[in-house]
Every structure is written in C-alpha cells, then in structure tokens.
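Protein chains in written order, with our numbering: chain A, 1 to 219; chain B, 1001 to 1251; chain C, 2001 to 2232.
These aren't lab readings, by the way, just hints derived from the structure by calculation.
Be aware that a few hints might be false.
[To be verified] Across the chosen pairs, the derived CB separations fall in these ranges: (1) A/E180 with C/V2110: 23 to 31 Å; (2) B/H1153 with C/T2169: 21 to 29 Å; (3) B/I1117 with C/L2043: 32 to 40 Å.
[Claimed, not checked] Non-contacting residues of chain B with respect to chain C, defined by C-beta distances greater than 10 Å in every case (computed): (4) R1021; (5) S1050; (6) V1145; (7) L1165; (8) L1201; (9) F1208; (10) R1247.
A quick note: this is a predicted structure, and the numbers were derived from the prediction, not measured.
We treat Cβ as the ideally placed atom computed from N, Cα and C, and that holds for glycine.
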Amino acid sequence: MSSTDEAVRLHNAVVLLGSFPALAEASLVVKKGEIVLISGANGAGKTTLLRLCAGLVPLARGEASVLGFNLATQRKEAQAHVGMLGHANGLYLDLTAQENLQFWSAVVGASSREIALSAQRMGLNERLLNTPVAKMSAGQRRRTALAILVIRRASLWLLDEPHAGLDASGRDEIDNMLREAASAGATVIVASHELERAGALATRRIEVVGGAIVERGTQ
Amino acid sequence: MNRLHPFPSPLDTPTGTRASRGLGIVVLFGTVMLALLGLFFTGEDVVQGSTVRLMYIHVPTAWVAYLAFIVTAITSAMYMWGKQHSLTFDRIAGASAEVGVIFMGLCLVTGSLWGRITWGTYWQWDPRLTTTAFLFVTYVGYLAVRDLGGSHHQRAKRSGVIALLAVLEIPLVHFSVVLWRSLHQEASVLQPSGDVTMDGLMLFSLLFGVVVFTLLFTWMVLHRQRVLALADAIDDGGLEAALQERRNEVN
Amino acid sequence: MTQNSISTMSVARAIATKDLRIEWRSKVLVNQVLPFAGIVMVLFAFALDNDGILQRVAPGLVWLAVLFSSLIIVQRTFAIESADNALDAIKVAGVSSTGVFLGKSAALAVQLLFFECVLVMLSLVLYQVKLSWGGAVLLVTVSVLANVGIATMGALYGGLGAAAKGRETLLPLLLLPAVAPVLIAATRATESAFGVSGATLGEGWPWVALLAVFGALFGFGGTLAFGVLTEE
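Here chain A stands alone, though its shape is the one from the complex (with noise of 0.2 Å):
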C-alpha cells in the first residue's frame, strides 16, 4: 500500500515498447510537493516515465501508483487529477487558443473565469487568444498547452521538457508557474536537458539510465 502522502510510488516498473523495455525495473517514490527534475540520455527511458505515471503506457511487470491510486486497476480514477505535456502540445490546431481553453475547460467543467486567470497567467493576451493555433509560433503554443494544464487543476504535473522552443521570458513564466503549483501542494516532475535552469528550479534531481532511475540528491 501506498502512504497518501506519496505522490508516485514505482517499483520494479517495466514498461515495453513493442519488445523493447524502455523502463527496466525502475522504482521511484516522489513524495506530494517536490518538484523533481529527470535527466538522461535520449532513449534512457524519460519519456515513458513520464507516460507511465500518466497511464498511457501499459505496465508490464511490477508495481506502479499514482496518488494512491494503482495505475493497474484504478487508472482512470488516477488520470483525473495527472496533468501531461508532452513533446506535443495537445492543440487543435484549427481552433484558436481560447476555443481550445474553451473545450477544455467544458471537458472538465472550469469556469470562464478561469479560463480568464489562467490565459493572463501564461501571458496570453486578447490577441493570442483569438489566434489560430496553427499560426503561433512554437512558444505561443506551448504557453496555451500550459493554460490548459493549470485549468485541469492537477496535483500531479507531468513537464517533457517544457522549456523546449520558449524565449527567456517564456522559460521564466513556467518556473514561476511551477513553483506556485507546487507550493500550492502539486508535485511536478519535470524532464529535461536544460540541467542548469531546471536545477534551480528541482528539489530533488534523479537520472534515468538504462530505463532504471539513479537517485543525484536533493537541494
């Protein structure tokens, strides 16, 4: 069993891509309200740990739990309070930033007001909002994807390298917003390449290597 105050709790976790293990073995337990950072190499297995704790991955052998929850039994029930950006951004693209807040906000019943907060808080001002999002540049993007994790209002935020195509301002937009979730009680793990911004942002530093996870301290 998992204690509550445990956000992740992985253990012996494989998980197979095709016939490949892309994670072997990897046990990991995040406590609620760190932020930890993962490193490694392409192909360690980063992705699909990520994956893995948003249950869109199988697992193929031993034990995983997202906030208590199995993810082999009561996956949907963990899904409802994890928060993923991935290396895509989720967008319609023929819909504009606000019609895509819009939907979201109706899938999972936030309020216009809401929707208000959060664009204004990834700085997205009226004109973006009402810009196609096939026609904004990569940061603009990634900003409305983020707008959209804060109205979910997840306690578990999944982050595969969020800084990736963001201009500094951008880049220090999703440290704050990463700090106030977290102080606000989320868990953020985050993957990235960018060790140095990242790692002042982590309290805790773990590499993945191999599909297995070595623990690189706390700050």
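Mind docking chains B and C on chain A? Use the hints.
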C-alpha cells in the same frame, strides 16, 4: 505463469502430445476413408451426377468454418469475462479464427465450383453464400486486428471485442441479404435448389465427412494454439534478455 | 473532485461541438471531400452510361458515394486528434471514453447528413431521379437512422485505427463489411423514395426498421467496445 527461459526452442517443446498424435493419426485415416467414400464407394446423383461428390467436402468445410467462428466468439467471451483473463482462451480464439478462415475459403471455392456446374455460374447472390463471403472478410479483418501489435493482453482485448461485434454483425448481414433477395427474384437462370435425394451411404459419407473435418479442425487448432503459446513465450523470454541488456547499460 | 462530476453527456457535447467547429473553420470537408464525392457521382455516370440504368441504380450510387466519403470523413475526424496528439491529452485527462465515442459519433453523423443532402440533390440533377414530398420524408428518416449506424461503426473502427498508430489503413477492411446491412437497407428504402425499380413508397418503411435495429445494436455495442479498442 509458465515463462520459458530464456529462449524456448520449438525442438525442446514440441507441439504434439501423445493424445494429439493419436488424434492426428485418426484424422489421417479418416481423411483417406472420406476420399474413398466420396470418390468411389458412393454413387452418382440422379440429377447432379458426379457433381454431388463435391458435397462431401463442401458441407464439412462450411460446418467447420461456422464452428470455428463460434469457438472464436465463445473463447473470446471466456477471455473477456473470465476472472483470470487467461491468454490461453485468446490463443484458442486466434487459432480457431485462422483455421476458420482457411476452411471458409475452401468452402467458397468448392461452393462456386459446384455452382458453376449446377447453376451455370460461379456466384449466386444467395443469402447463405453472401453471408459466408461477409463472414470471410470480417474474420480476415479480425486476424488483421490480432496483428496490430501491443501487449498480449491488448491483442486479446481488442480482437475479443472484434469477435463479439462480429457475432452481432453476421445475423444482421444475413437477415438483410435475405430481405434483399426476397424482393428481387431472378427468373433468368435455372435454379435447382441443390437438394439431392440421398441414399444411406451418401448420407453416411456426408456425416462421416463432418466428423472427420471436425476432428481435423480440433487437431489443427490444438497445434496452432500451442505454436501461438510458444511464440508468446518467446516474446516473454526475449523480455528477460532485453531487461538484462538494459541493466548492462547502467554499468 | 470537480472533474469526476462532468457527465458523459457534457463530454460528448464538448467533443461534438469542437469537431464541428473545426470542420466549419477548416472547410476541409467542403473543399476537399465533397468535391471527391461529387466526382465519384460523375464517374459513376461515365461508367454506367446507358439510358435508364443510371436512374434505376441512382439510390445505390448515392449510398456508395456516402460510404466512400465516410471512410475519408472518419479518417479526418481522427486526424485532427492525432495532428498535435490531442488524443493523448484526452486520455491523460481520464475523460470518459464513452463521452468521446458519443461525441465523435454525433459529429460524424451530422457531417454525413450534410453529405447525403448534397449527394441526393446531385443525383436529382445528374441521374434525373424524382423525389416527392413523401419520398423526401422517407429519405430524411432513412438518412438519419443510417447515419447512426455508419457514424458509430466509423467512430469505433476509426478510433481503433488511430490508437494503433500507423494502421489507419485497416479502417475500410473493418468498416465496409460491418455497414453492408446499412448499404442494403438504405439503398432499398431510397429506391422507394425515388420511386425507381417499381418500388412504392410503402415498401421503403420496413427497411427503416432494419436501419433502426442496426443503429440501436451498434450504438450500444460501440459504446461498450470503444474504451477497450482505443486504450493501451
């Protein structure tokens, strides 16, 4: 779980057992008997002549084909609703569908050969024929879904759903084709019903064919299922090796 | 949590609205798929150039064009989900897959209805069939019910294709045999609506019942099956 470690060789684990070898010999003997019965011992039909001999193959293949799909549906349901979600049921479902598709193909070929001689045409839009063709295509699709990849259980769940949907589909296809044909009778071609008056030996040969083909089906599914189990075991065994390889990356 | 209180129906409504808005915005269906359906109708006429034949087979041609178009529409409706991997975002959010299925099906059904209206009008012009008021009522009923069947099966198998990445080519193999009863029933009923092949209006209505049974069965079956087919 009986995981074979690390790489099971088909030579170490043959798919035959004493029982299945015995069954194989019975089937072999039965098939020879059926050929003799069908080709030599039974007589010609009054109307159809020697064409009637096709029936000894055609009817058993049709029977086996439908039996195979019923087995697939039932074992799929047993996988889905069984407490254990046993992959054995899934593998039987898959093996049975593969054998069923082969027999349905044979059934369609023998049927159209018979039709060419009796009706003067290879194909008739007869409800039974049309439904059979649809069933064939539907299960080709089922086999394609089995081939989509993913974990064993994902394969089992997906294909199980397809098999159960097919159970809904086929009666509807049959019913709509019956309704469709009943409105459009074609008067042009002479259509003997295909029924023959059978003497005792003909009837016996037909039933004998059904029994032999059912045993043949059982034998094929048994072996195919064991081959599939070995293939799954090789996948799982490969996992151990792949895990070891990844562990080595750490050091 | 608030997220659990969102009903399946509101998810379905959000998905359907979003899909239709994207089509309205991008005009891909109108600018690309509809012309395809139109050219198919014209090609049918070239292939079957014979007095009287076109009129007689017009109902079948209309529904064939609908089915061919439906393959493209279904692929399109899942392409907008996979373009920026919104499908994953929806999965991560733990959104009710029944809601997604119903929303996708509803949007598909509306798009198909639009296609059917245009294709029927096209057949009035190209194939010189006639449509009475009674026939029009029958035709609308048939279209709506046929769409339930085509849309739910399309959403189901399209979702499977999208979940198994790179295997979208499976869609026609799975969808076309499954919707064959819809083609048969809708074509016969449309014959009655057009009054061709000696079919009277009254003969068309029994087919409506078959379409209703098909729609109900597969709407229900699809609702149960969608989650299993699309999840990892």
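Results for each hint:
1. A/E180 with C/V2110: 23 to 31 Å: Because 41 Å falls outside the window, the suggested range is violated.
2. B/H1153 with C/T2169: 21 to 29 Å: holds, 24 Å
3. B/I1117 with C/L2043: 32 to 40 Å: holds, 37 Å
4. R1021: holds, 38 Å
5. S1050: holds, 35 Å
6. V1145: Violated, because the least Cβ-Cβ distance between B/V1145 and chain C comes to about 7 Å, which does not exceed 10 Å.
7. L1165: Given a closest Cβ separation of 6 Å, the condition is violated.
8. L1201: holds, 40 Å
9. F1208: The claim stands: B/F1208 keeps its Cβ more than 10 Å from every Cβ of chain C (closest is about 34 Å).
10. R1247: Its Cβ never comes within 10 Å of chain C, the nearest being 25 Å, so this holds.
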